[in-house]
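So the protein lines, in turn, are chains G and A.
If you want my numbering, it's the 1-based position in the first sequence plus 32.
If you want my numbering, it's the 1-based position in the second sequence plus 62.
If you are wondering where the hints come from, they were derived from the structure by calculation, not from laboratory data.
Check before you lean on any hint, since a few could be wrong.
Claimed, not checked - Derived EDC-like pairs (lysine to aspartate or glutamate); straight-line CA-CA distance at most 16 Å:
#, chain 1, residue 1, chain 2, residue 2
1, G, K47, G, E181
2, G, K89, G, E256
3, A, K345, A, E286
4, G, K229, A, E435
5, G, K229, A, E434
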Amino acid sequence: MPHREAAVVAFASGKGGTGKSFLTTSLAIALHRRGRRVVVVDCDFGLANAHLLFGVKPVYTMRNVLDGGVTTEQSLTATPHGPMLLAGGSGIASLCELDAGHMALVARSMQWLARSFDVVLIDSPAGLAPQALLMALAATHVVVVTNPEIAALTDAYALIKCLSRQPGCPELHLAVNRVLEPGLGLLTYERLAAVSKQFSGCSLHYVGEIAEDPAVTHRRLGQEPLLVSHPTCRTSLAIQRMLATMQQQMAGLEPIVCTGGGIDQRMTAQLARW
Amino acid sequence: MMRAPILLQSRERLWPVVRERLDAIELGLELVLDGLDCSHGQHGFVDGLARDGAGAPVLVLLAVEGDPLLLPRVMSAAEFLARNEQALVHAVPEGNYCRGAVARILVIGTEAANAELAALQRLGLRERGLPGLELCRLEPFRLAGTERFAVSWIDVAGPAVGVTGAPIQEPAAPSAKSLASPMPAAATDDPSDGRVAGDVRQAKSDGAADDGRFEELLDHGRSELWQLVEVLCDRLDPAVRIEREGLRRRITWQGRPLGQVVCRDGGLRATAASGQEHTLLSKSDVRVFGDQLVRRYAELAGLRSHCSVAAPTNGVAAARGSSAGAPPVPSSFDGNGSTPRVQVRNAAVSRSQPPARDTLRSAMVEAMLSPEEFAALAESQNAAMPEEPPG
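The following block holds chain A by itself, in its conformation from the complex (with noise of 0.2 Å):
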């Protein structure tokens, strides 16, 4: 049976789906208000004003196939944001926007609008004075009966980079609004199959879609800060990796994260596998974040596992056969298609936290002597040391 494609390509369609998923085309991303008119109504109207993870204005266009108008109306907004990109912290408090924040546009086409796309591609604002453009193209597909779009990002400055070259695969960790709200029927898989459709797959080229302002945003501490994060990683294992992508820095190892890292307003919230949120404000809280990667490290490698055995193993042999023979870790951290925030939604218990009582820390509170095991010490001590003579 043929289908319908999975994502529509008229404006006016194809917007309430996007606009409802835009944290999960950049991560942080969020919609102010619809429907800004910078040209006079020339060029018809930008579909969306949003905010990003950094506090910046960001322009959302959409571009759909057959447009004639969508270059003159991106290069409006290139103009509009150059006139006006301080002045938006006042006109539209609502966006809560920071000031000095760098306002840029971001364009979401689909396949069919690809000529529109390599228009833009070629169109050069910041070659000529006028503020950043990002490209993105969301692709769909249909994985085990659901359907789901990848994105894209074209660098505006060479070729167009396509979701070839190992992808980060990532399950959408979709906000609540996302999920109240997926995409209409028409748009996605028969509904009668029961399976929820709107499962957004994000996959941005390694290194094309960072701009480096994750970075750029950091100030000298927090800078400090991250380079310790970069300096744990680096030290626990060779395969762990630091995924760039925008304003978050993913952990992985052997593609199976870790944690994450998110520049938001100008700090660093960290967020570990476990769904724990840390925002790394000083050493300590890098360290305690720290502690949680090297947990899920331990727990993804199987090294725990003989740490959750509850009876004490004497014997080295235990400790040996440790990797060979260990237990299944719980299907929550299989790391396959699980992101720390799903973990929140799904499990919200943190079960990679050791027990209280299972902790190199408590287990000193275990080793302190009863009065029984104190008397049978002493008797013994008494029993065994030489009696002195009197005098």
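Isolated chain G (complex conformation) (with noise of 0.2 Å):
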């Protein structure tokens, strides 16, 4: 039966700290200024931190959906800027632990979530572990965020070679996070394009770049999100720009008429792959 679905866009890294909670929350502000409902999966179940940047403490987790005992509305908390979150919960279990019911339970979730709301943004976990496949091949859209440093580079690459050869596997774009000069990113991007095509014949889309800004490592918890707090700062206005490519390049971001199966189906294909 056709269904209306959110779009949704998968943040990944092949490495830990490239930005991607960073990108994922602010991006999240900035739609929800646009007039969108978005909501913020945090999978990063064991080492989350959605929540700290959004400045919230929820009550329920994703643990909690897991453990049955409450649902995925329930399990959402209102941050103050508009975006609802559903927090991963640092510290416990890994996804990687979670087994295939579990799994299953995931993707119900976000199959409600992604007819809730127009945009599910997700918070992928770092690297390759099969979690983190598997959350990036249920999107629609996978943003890989990167840094323009060798091992980010490398790490970045491997994840789009896997994730490249796996069927079903959705348009991958490529942001470029913390470079020290103009410009940088878009060379990064380049490159890494033009090695993706030799060696893995993938195609990339540039989403942007966003410069090293000590305004954002340096930022206390508690504080208010760059976007928020300095909305003209260079790195908010980045931001902005990024989402409008991503708006262009993701046909609006808006929801589509889902014909097929759904994100809980395409999660259980792939998770029929675990």
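Since each chain sits alone in its own frame, please combine them into the complex, following the hints.
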């Protein structure tokens, strides 16, 4: 039966600390300010931190959903800046320890979210664990977040290579964070895209760069998100530009009418390859 | 052309047919010895002494039309069991019975013996403190030229329960023994048509045939494991059902089998649709079995279609169109008339298992960078990074 489904964007990276959570939460706020109903799903269950960036203390997390104690709707946390958050809950067993039954439950939660919101942003766990791949492959778009340093670059390429070889791989996009000079992000993209095309035969779409900004790295807990406190700073403007590019590349980030299986079925399909 | 009754009504000729197919009547039921005299010859022999899946003794009697001694024979068998239930463990060592397993009597009748079965239904052995009695009726029918019989379980505490009520239709998954000895020609279809006779379908009314022994036989640890399986099924899809059937629990999705769990000798034996068997001893075993259930579910639901595509397909359209354009699943997995054990017999090869390279875990291996890839990235990095002035 045809049904409406939100645009689902997964933010992934081959290496930790590239700024996935920062980008996810910032873009969520920016999207909310454009009148969209946005939910952020923090799937980095082991080291979830999206709630810290939003400055909220969730009562319920994904763990409560997995335990069957609350529904997905009940587990959502409203953030002061608009987007809803399904927190991952730091310190709980990592997603890789979840069994197929739990992942099936995650799939059903995702289905409910995709039908209830306009945009679902997934803060994926870093690395190439099966659960990270699962979340990325269930999305409609994947934004690989990397830094221009060689370690992050090789890990990002490994992730792109791995994802592109999976059946049902969504479109891959690249965001370069913490660039030292303007334009370095584009250069990084061009090289990475060339290597990806040459060796893996996959295409990348560039969504933009975010400059290295001490205001981001030195930000303390409890402070408002940069997009709220300094909406005209260069990082906030870069985020706005990135969002505009994403909307161009991702069909406006509009919900779609889904005639086939939804995100739950895509997840289950990938789950069958666990 | 009029055909003779499929099932013979004579006890002497019916017993050889039934004795080979006890496992099809009740999963795990196997004959130990024929001809048990427990009434000093007064009421005739109990047709067979069997062992069920839980390791309990089962006295099997046939009910045929016009058998005046059936009732006293059942009574004497019940009294015999009440006296010697536990002694049978030592007295019949070839039965390999489990100490403490509850013995019972199973009376198998044909449609011609309805009156006898009805009389037994009113017997009320439990009220008299005698071992449990189970009644079932074999009802033959012809299907596609082959002859089969359905097993209708009769509620001894209430009115007879027929094959109505959406019986669980399942191929017999015949054992090698039963395949090797098909029904006698007189009791089957015309053998000249080349069809294999003796394809038994068993159908028990949902719930009526289940006496809760499955749960009773599980210790605390096993019970927890079984609950994990139940939770998994509940989470997987609302249409996933667990069908209760004696010592077996069949897990189905829209009527198509995903797997089954059998309580055997106090343990849990799970069989995935691929035929792969797991003894459920720990949570990790349940996890492995659950993994198989999910795979099978995904396959039946057409969710694995785009996963089976060899070449990567960029673009969300490929993923979204997966359900609509699902390629046909292999015929052995069409879910209609296939049981896990038939899968084993017919296919032998586990085809629901993805190839080793086609799993998310194996994908990680492929992600390893080759020296050429690393060199290309490093070169690009050198070109991209701004040069710092020396010193």
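Going through the hints against the structure:
Using a Cα cut-off of 16 Å, the hinted pair G/K47 and G/E181 holds, with the two alpha carbons roughly 11 Å apart. The straight-line distance between the Cα atoms of G/K89 and G/E256 is roughly 14 Å, inside the 16 Å bound, and the hint therefore holds. Among the hinted pairs, A/K345 with A/E286 is consistent with the structure: their alpha-carbon atoms are about 9 Å apart, no more than 16 Å. In summary, the hint linking G/K229 to A/E435 is supported, as the alpha carbons are separated by about 11 Å, within the 16 Å threshold.
A C-alpha spacing of about 13 Å is found between G/K229 and A/E434, which places the hinted pair at or below 16 Å, so the restraint holds.
Comparing the model with each earlier hint shows no violations; every hint is respected.
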